[in-house]
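Chemist: Protein sequences appear in the order of chains A and B.
Under my numbering, residues 11 to 370 are what the first sequence spells out, in order.
Under my numbering, residues 5 to 304 are what the second sequence spells out, in order.
Don't read these hints as lab results, they were simulated from the structure.
Glycine is no exception: its CB is placed at the ideal position from the N, C-alpha and C atoms.
Cut-off 27 Å, straight-line C-alpha distance, at most; resulting in silico cross-link-like pairs (DSSO-like, lysine-lysine):
1) A:192 - A:146
2) A:289 - A:241
3) A:289 - A:333
4) A:117 - B:213
5) A:186 - A:146
6) A:194 - A:241
7) A:264 - A:352
8) A:146 - B:185
9) A:146 - B:213
DEER-style ranges, computed between Cβ atoms:
10) B:131 - A:29: 54 to 62 Å
11) A:145 - B:127: 50 to 58 Å
12) B:65 - A:145: 53 to 61 Å
Beyond 10 Å from chain A on every Cβ pair, some chain B residues (computed):
13) 24
14) 27
15) 158
16) 257
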Amino acid sequence: MARIDLVDLAQSYHGNDADIESFALKPVTMTWRQGGAYALLGPSGCGKTTLLNLISGILTPSRGKILFDGTDITHRTTRERNIAQVFQFPVIYDTMTVGENLAFPLKNRGVPKAEIDKRVAEIARLLDLTPDLNRKATRLTADAKQKISLGRGLVRSDVAAVLFDEPLTVIDPELKWQLRSKLKALHRELDLTMIYVTHDQTEALTFADTVVVMHDGRVVQSGTPAELFDKPAHTFVGYFIGSPGMNILAAEVKGREARIAGHTLSLARSYDALPAGAKIEIGVRPEFVDVAEPGPGLLDANIERVDDLGRIRFARVRVGDVKFAARLPAGVSPQGSAIGLKFNPAYVHVYADSRLVEGA
Amino acid sequence: MDKTINNKAWFLVLPVFLLVAFSAILPLMTVVNYSMQDTFGNNQFFWNGVGWFKELLDPSTDLGGRFLASLGRNLIFSLAILAIEVPLGIVVALSMPRDGWTVAFCLVVLALPLLIPWNVVGTIWQIFGRPDIGLLGYTLTSMGIDYNYVSNDLDAWATVIVMDVWHWTSLVALLCYAGLKSIPDAYYQAAQIDGASRWAVFTAIQLPKMHRVLLIAVLLRFMDSFMIYTEPFVVTGGGPGNSTTFISIELVKIALGQFDLGKAAALSLVYNLIILIVCWVFYTIMTNAGAERRPAEGGA
Chain A
11 MARIDLVDLA QSYHGNDADI ESFALKPVTM TWRQGGAYAL LGPSGCGKTT LLNLISGILT
71 PSRGKILFDG TDITHRTTRE RNIAQVFQFP VIYDTMTVGE NLAFPLKNRG VPKAEIDKRV
131 AEIARLLDLT PDLNRKATRL TADAKQKISL GRGLVRSDVA AVLFDEPLTV IDPELKWQLR
191 SKLKALHREL DLTMIYVTHD QTEALTFADT VVVMHDGRVV QSGTPAELFD KPAHTFVGYF
251 IGSPGMNILA AEVKGREARI AGHTLSLARS YDALPAGAKI EIGVRPEFVD VAEPGPGLLD
311 ANIERVDDLG RIRFARVRVG DVKFAARLPA GVSPQGSAIG LKFNPAYVHV YADSRLVEGA
Chain B
5 MDKTINNKAW FLVLPVFLLV AFSAILPLMT VVNYSMQDTF GNNQFFWNGV GWFKELLDPS
65 TDLGGRFLAS LGRNLIFSLA ILAIEVPLGI VVALSMPRDG WTVAFCLVVL ALPLLIPWNV
125 VGTIWQIFGR PDIGLLGYTL TSMGIDYNYV SNDLDAWATV IVMDVWHWTS LVALLCYAGL
185 KSIPDAYYQA AQIDGASRWA VFTAIQLPKM HRVLLIAVLL RFMDSFMIYT EPFVVTGGGP
245 GNSTTFISIE LVKIALGQFD LGKAAALSLV YNLIILIVCW VFYTIMTNAG AERRPAEGGA
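Can you make the complete structure from the sequences, with help from the hints?
Modeler: Written out as structure tokens, the structure reads:
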């Protein structure tokens with residue numbers, strides 16, 4: 011049980027003196043509160059596994075500190091930290107039964123036999139592994155093995171946080187849902203801090219109450235799924251989360267107006283103090299742009315293709331040279347390719363050098 | 005599915021049959037033929053039936069006594085070198101670096117003894133152990149240790165065993181190293197998180213994962229050491245007395261020294277049979293060990 015603070019934490023695989031841009035994890039300061047369900051989301055190579063390994067102590071940071079409940083544990087070994095970690099591929103001790111696998115972390119720490127038996131029985135019950143306790147662990151399916159890996163983390167009563175490194179990669183889609191809801195249930199029942207690394211936004215958004223998005227070694231935004239969706243702090247977040255991703259368009263913004271490809275768009279807020287020389291873009295999710303019949307006040311566009319996702323339809327449109335995705339509301343079936351676009355100004359965001367600018 | 009009948013295919017296999025016949029079956033049959041007869045030179049042969057085989061298994065006869073004694077020596081030798089080389093090979097493999105340029109360096113150094121021809125190995129150790137000019141023999145003698153592999157049974161055995169360990173531990177080490185390298189990092193990381201001690205990591209992860217390569221190593225080393233001839237022949241010539249006379253050395257003495265082709269043929273057939281049986285036992289154990297794992301791998 012612990013709050014985890016990262017203070018100016020950074021990791022370089024090319025030595026401490028290397029250029030900061032080459033760091034696998036650029037300096038980050040953040041807090042993981044006790045009992046939170048976090049997802050660490052980002053594309054491959056963005057530094058999320060590095061961050062995870064720093065917290066668990068598999069890596070020693072090049073810079074910065076890690077605090078558990080205010081205690082500096084930066085230089086403690088993995089053994090001495092109360093961390094459990096589940097890896098991408100199930101790790102099973104071949105020669106042992108399921109029960110022995112679960113007991114292994116406790117045995118290593120010299121816990122008395124009676125206590126071990128009690129904990130193992132309890133964890134096996136939570137994970138539905140009780141019938142398999144006396145079977146050889148190697149004979150089980152991949153998802154059962156992954157449950158054992160997880161169980162080995164949970165079996166210790168002193169665990170401060172459980173870290174998951176893309177744990178469902180090797181699991182069948184059908185079982186993924188089951189295991190994920192199992193994790194959610196465990197999280198509620200055990201009041202543990204859980205940090206879940208993934209590059210799959212569905213996994214991240216369904217598992218976590220706070221999603222931390224990483225990009226190129228930086229934490230670009232951390233917030234609830236709704237915050238990430240409604241107000242991405244970085245164009246990368248807008249683009250990476252959502253399907254299709256956010257429309258990012260180069261624009262000229264002056265006061266309450268944005269000009270894209272020769273058309274003017276009114277904004278909900280006023281942007282007077284934009285940094286000079288920065289690359290200005292506007293971002294709007296396809297969900298907040300509706301296709302309509304061409305008309306006054308609407309942005310003229312040409313429709314190119316319609317993607318029918320079943321419950322919702324998205325139109326791929328073109329404004330001048332700029333490609334765009336927009337929602338095709340039920341009942342609208344445009345004649346010909348010329349259409350108009352109706353924006354919801356509250357959800358049109360302005361970005362300077364990829365970062366969100368708050369309007370006044 | 006209908007089976008296509010095409011007898012022409014047999015012609016394609018024929019060259020292999022012929023080759024195997026000339027290289028294996030015909031020579032083997034010659035040996036079988038000799039093993040049933042006795043010869044007194046002048047290319048004269050007399051029928052002896054299974055007489056040689058009976059004598060071979062009867063310790064009261066000269067032939068049987070020599071065979072069983074050398075068989076015992078072979079078994080002791082094989083067990084001794086396995087008991088040393090396998091643990092030593094594991095230790096060497098465990099202490100090798102996992103990455104960096106030192107890996108290549110270690111691999112080359114380890115491979116060196118494996119590249120030296122058997123008789124050269126024998127010669128090296130024969131000179132190395134000599135008390136007058138050999139580095140090892142001279143050092144031991146000057147330290148006051150009475151070491152002489154020519155006259156002392158124990159010294160001769162020690163020399164032959166140390167020589168084999170020097171020559172072949174690398175093989176075990178290289179096999180184990182390959183097994184160790186195939187263990188994903190996640191296992192070690194998980195073990196760290198589970199708080200496993202160095203010994204627990206060894207018994208719970210490394211040893212089980214090396215299990216297959218270890219079986220191969222034991223099989224190879226057993227077969228090779230059971231058939232050993234050149235090195236002890238060069239170093240001790242089977243002596244002092246008969247103390248390091250292994251089956252192969254005995255065989256050559258009987259066949260080429262005494263020219264007792266019948267006895268030698270019977271002996272080599274039995275020798276061959278023992279090796280075949282041991283081979284089969286190992287093979288069965290290994291395939292069974294593989295079958296035990298298969299369902300689990302299918303699941304993953």
